[in-house]
Amino acid sequence: MGLDALAAACCVLPVLLALLAVRFAYVLWRSGQPSSRSPTAGLRCLIVLGSGGHTAEMMNIVTALQKDRFTPRYYVAALTDSMSLQKAQVYEQSLIQSGEKITKNAHFMQIYRSREVGQSYITSIATTLLATLHAMWLVIRIRPQVIFCNGPGTCFPLCVCAFVLKVLGLGWSSIFYIESIARVKKLSLSGLLLYKLRIADQFYVQWPQLQQKYPRAYYAGRLM
Amino acid sequence: MRRRVLGFQCMFPNLGRASPRRRIPLGTITILQWPTEVILLKNLVRTGEEMGSRERRVVFVTVGTTCFDALVKAVDSDEVKEALLHKGYTDLLIQMGRGTYMPSKVSVNSTLQVDYFTFSPSIADYIREASLVISHAGSGSILETLRLGKPLIVVVNEDLMDNHQSELAEELANRKHLFCARPQTLQETVEAMELNNLLPYMPGDAKQVVTLISKFLGFPVD
Numbered sequence: 001m002g003l004d005a006l007a008a009a010c011c012v013l014p015v016l017l018a019l020l021a022v023r024f025a026y027v028l029w030r031s032g033q034p035s036s037r038s039p040t041a042g043l044r045c046l047i048v049l050g051s052g053g054h055t056a057e058m059m060n061i062v063t064a065l066q067k068d069r070f071t072p073r074y075y076v077a078a079l080t081d082s083m084s085l086q087k088a089q090v091y092e093q094s095l096i097q098s099g100e101k102i103t104k105n106a107h108f109m110q111i112y113r114s115r116e117v118g119q120s121y122i123t124s125i126a127t128t129l130l131a132t133l134h135a136m137w138l139v140i141r142i143r144p145q146v147i148f149c150n151g152p153g154t155c156f157p158l159c160v161c162a163f164v165l166k167v168l169g170l171g172w173s174s175i176f177y178i179e180s181i182a183r184v185k186k187l188s189l190s191g192l193l194l195y196k197l198r199i200a201d202q203f204y205v206q207w208p209q210l211q212q213k214y215p216r217a218y219y220a221g222r223l224m
Numbered sequence: 001m002r003r004r005v006l007g008f009q010c011m012f013p014n015l016g017r018a019s020p021r022r023r024i025p026l027g028t029i030t031i032l033q034w035p036t037e038v039i040l041l042k043n044l045v046r047t048g049e050e051m052g053s054r055e056r057r058v059v060f061v062t063v064g065t066t067c068f069d070a071l072v073k074a075v076d077s078d079e080v081k082e083a084l085l086h087k088g089y090t091d092l093l094i095q096m097g098r099g100t101y102m103p104s105k106v107s108v109n110s111t112l113q114v115d116y117f118t119f120s121p122s123i124a125d126y127i128r129e130a131s132l133v134i135s136h137a138g139s140g141s142i143l144e145t146l147r148l149g150k151p152l153i154v155v156v157n158e159d160l161m162d163n164h165q166s167e168l169a170e171e172l173a174n175r176k177h178l179f180c181a182r183p184q185t186l187q188e189t190v191e192a193m194e195l196n197n198l199l200p201y202m203p204g205d206a207k208q209v210v211t212l213i214s215k216f217l218g219f220p221v222d
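Residue numbers (my numbering), protein chains in the order written: chain C, 1 to 224; chain Y, 1 to 222.
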């Protein structure tokens with residue numbers, strides 16, 4: 001009996017792994033492909049904010065978005081960073097006051113931080129693990145269709161979790177990474193990881209010399 | 001109207017100096033109530049030798065939300081204050097953030113008026129009032145100052161672990177939008193700077209990125 005189960009496992013496991021590998025390759029390929037169908041309804045957006053200039057740049061992007069296409073919007077910021085969510089709240093409030101539809105289409109959430117500014121790389125591993133678990137919980141709850149991020153440490157676990165859900169077939173999201181204007185010569189750690197692992201569907205940089213160094217990135221001018 | 005306030009300020013430099021917001025209404029009320037006295041005061045100031053008929057030219061130093069004592073110490077040094085005075089600046093206002101170093105409010109020759117505070121929700125107001133901004137290398141402070149069209153010296157904090165901050169400052173310095181310095185080279189930078197050599201900065205916008213994103217998602221381009 002036990003032997004049979006073992007034999008079955010021996011047959012099934014490689015097949016499963018092979019299927020997963022095929023699916024993984026497919027998701028990698030499919031992620032970079034533009035959508036051919038026009039979305040019929042608003043897309044659920046996950047917008048990652050972060051202190052140190054990230055929020056200001058991200059709110060610039062949000063301001064330029066067509067709000068009816070990108071709705072509802074879920075803003076996420078680090079637990080230790082209340083200023084960022086406040087800025088987003090002020091902006092969403094101003095939308096409501098300027099006569100947009102008064103539906104509850106903005107949500108605000110906080111996430112454990114994977115790395116504080118100045119934290120050593122060794123302790124970062126543990127905190128990143130915790131942040132990843134929390135990120136998975138958030139991504140499963142939000143089920144985003146579009147993810148916007150521009151480099152705060154919190155964006156990496158969120159993007160990885162969204163990618164894992166894509167591979168497992170539990171939800172599809174397009175991940176857009178817009179590198180911060182502060183990065184002129186090299187990418188940030190989050191940016192580099194998302195670029196090298198090909199997790200970001202589209203990768204934008206704000207300086208032409210960065211685009212030359214990372215050819216899969218797009219240069220689309222400065223945000224500010 | 002404003003000139004009179006300035007003249008009045010020269011006579012009593014400590015009046016209402018705590019914040020620029022308080023200063024203006026104070027002077028205005030004075031003028032409304034005793035116009036002749038103020039004009040007399042102004043004439044008195046005009047005749048004074050060292051006070052002259054000068055305008056206030058404020059140097060605003062900002063470190064954002066960071067702790068950057070090296071910069072505060074640098075601008076508080078006699079050499080830098082001397083250099084600023086030589087360039088015709090009259091006031092030094094320091095936003096010192098989380099730093100613990102307290103600048104001295106009285107300078108050596110007491111002609112450069114020094115004042116400081118820790119945080120303010122409206123840094124932009126101070127930038128607008130300034131003739132020169134000396135800032136830390138945070139992208140927010142840099143771009144805000146450039147957007148308001150003020151001459152800017154960015155001082156890079158060399159104590160940060162992951163020092164990517166200098167990248168933006170150096171790139172914008174290469175493009176002649178600002179001057180880039182280190183705390184220890186601030187004096188030379190102030191002495192050597194030619195404000196006429198600076199080029200205005202054209203702010204970018206997010207439209208291009210948003211168009212690309214919409215296109216990728218399959219939305220019709222409008």
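Don't read these hints as lab results, they were simulated from the structure.
Remember, predicted model here, so these are calculated numbers, not experimental data.
Backbone N, C-alpha and C fix where the C-beta goes; we use that ideal spot for every residue, glycine too.
Misleading hints may appear alongside valid ones.
As the list claims (entries may be wrong) - Okay, the calculated beta carbon distance ranges per label pair:
1) Y:THR100 / C:HIS107: 49 to 59 Å
2) C:ARG23 / Y:LYS73: 53 to 63 Å
3) Y:ASP125 / C:GLN33: 44 to 54 Å
4) C:TRP172 / Y:ARG98: 58 to 68 Å
5) Y:LEU160 / C:LEU133: 21 to 31 Å
6) Y:THR100 / C:LEU16: 58 to 68 Å
7) C:HIS107 / Y:ARG175: 36 to 46 Å
8) C:GLY221 / Y:GLU191: 29 to 39 Å
9) C:ILE140 / Y:ARG175: 16 to 26 Å
10) C:PRO39 / Y:LEU160: 34 to 44 Å
11) Y:ASP222 / C:TYR218: 13 to 23 Å
Said to hold, decoys possible - Below, simulated DSS-like cross-link-like pairs (lysine-lysine); rule was C-alpha separation at most 27 Å, straight line:
12) Y:LYS207 / Y:LYS176
13) Y:LYS150 / Y:LYS73
14) C:LYS186 / Y:LYS73
15) C:LYS67 / Y:LYS215
16) C:LYS186 / Y:LYS176
17) Y:LYS87 / C:LYS104
18) Y:LYS87 / Y:LYS150
19) C:LYS213 / Y:LYS176
20) C:LYS196 / Y:LYS150
21) Y:LYS73 / Y:LYS87
22) Y:LYS87 / C:LYS213
23) Y:LYS207 / Y:LYS150
24) C:LYS104 / C:LYS67
25) C:LYS185 / Y:LYS150
26) C:LYS213 / C:LYS185
27) C:LYS87 / Y:LYS73
28) Y:LYS207 / C:LYS213
29) C:LYS67 / Y:LYS73
30) C:LYS185 / Y:LYS176
31) C:LYS87 / C:LYS104
32) C:LYS87 / Y:LYS150
33) C:LYS186 / C:LYS196
| said: Tell me if the straight-line CA distance from LYS186 (chain C) to LYS73 (chain Y) falls inside 27 Å. | reply: With Cα atoms ~31 Å apart, LYS186 (chain C) and LYS73 (chain Y) exceed 27 Å; violated.
**Pair hint outcome, LYS87 (chain Y) versus LYS150 (chain Y) [Cα-Cα no greater than 27 Å]** = Status holds; Cα separation ~16 Å.
Within 21 to 31 Å: is that where the Cβ-Cβ distance between LEU160 (chain Y) and LEU133 (chain C) falls?
The hinted range 21 to 31 Å holds for LEU160 (chain Y) and LEU133 (chain C), with Cβ atoms some 29 Å apart.
Subject >> Given hint LYS185 (chain C) paired with LYS213 (chain C) - CA-CA distance at most 27 Å >> reply: holds, 8 Å
Mind checking the hinted window 49 to 59 Å against the Cβ distance between THR100 (chain Y) and HIS107 (chain C)? violated, 39 Å
* CA of LYS186 (chain C) to CA of LYS196 (chain C), is that 27 Å or under? -> holds, 13 Å
Would the pair LYS87 (chain C) and LYS104 (chain C) pass a check requiring their Cα atoms to be no farther apart than 27 Å? Since the Cα atoms of LYS87 (chain C) and LYS104 (chain C) sit roughly 17 Å apart, the hinted pair holds (cutoff 27 Å).
Does LYS73 (chain Y) pair with LYS87 (chain Y) here, judged by a C-alpha cut-off of 27 Å? It holds: about 20 Å lies between the C-alpha atoms, which stays within 27 Å.
Problem set entry | Pair hint LYS67 (chain C) and LYS215 (chain Y), alpha-carbon separation not exceeding 27 Å | holds, 15 Å
Taking 27 Å as the top limit, are the C-alpha atoms of LYS150 (chain Y) and LYS73 (chain Y) close enough?
Cα-Cα ~23 Å, so holds.
When you check the alpha-carbon spacing of LYS104 (chain C) and LYS67 (chain C), does it fall within 27 Å?
-> holds, 13 Å
Notebook entry, point to check: Given the hinted pair LYS87 (chain Y) and LYS104 (chain C), is their alpha-carbon gap at most 27 Å?
Noted result: Outside the cut-off at roughly 55 Å; violated.
Of the numbered hints stated above, those contradicted by the structure are hints 1, 4, 9, 14, 17, 20, 22, 27, 29, listed in ascending order.
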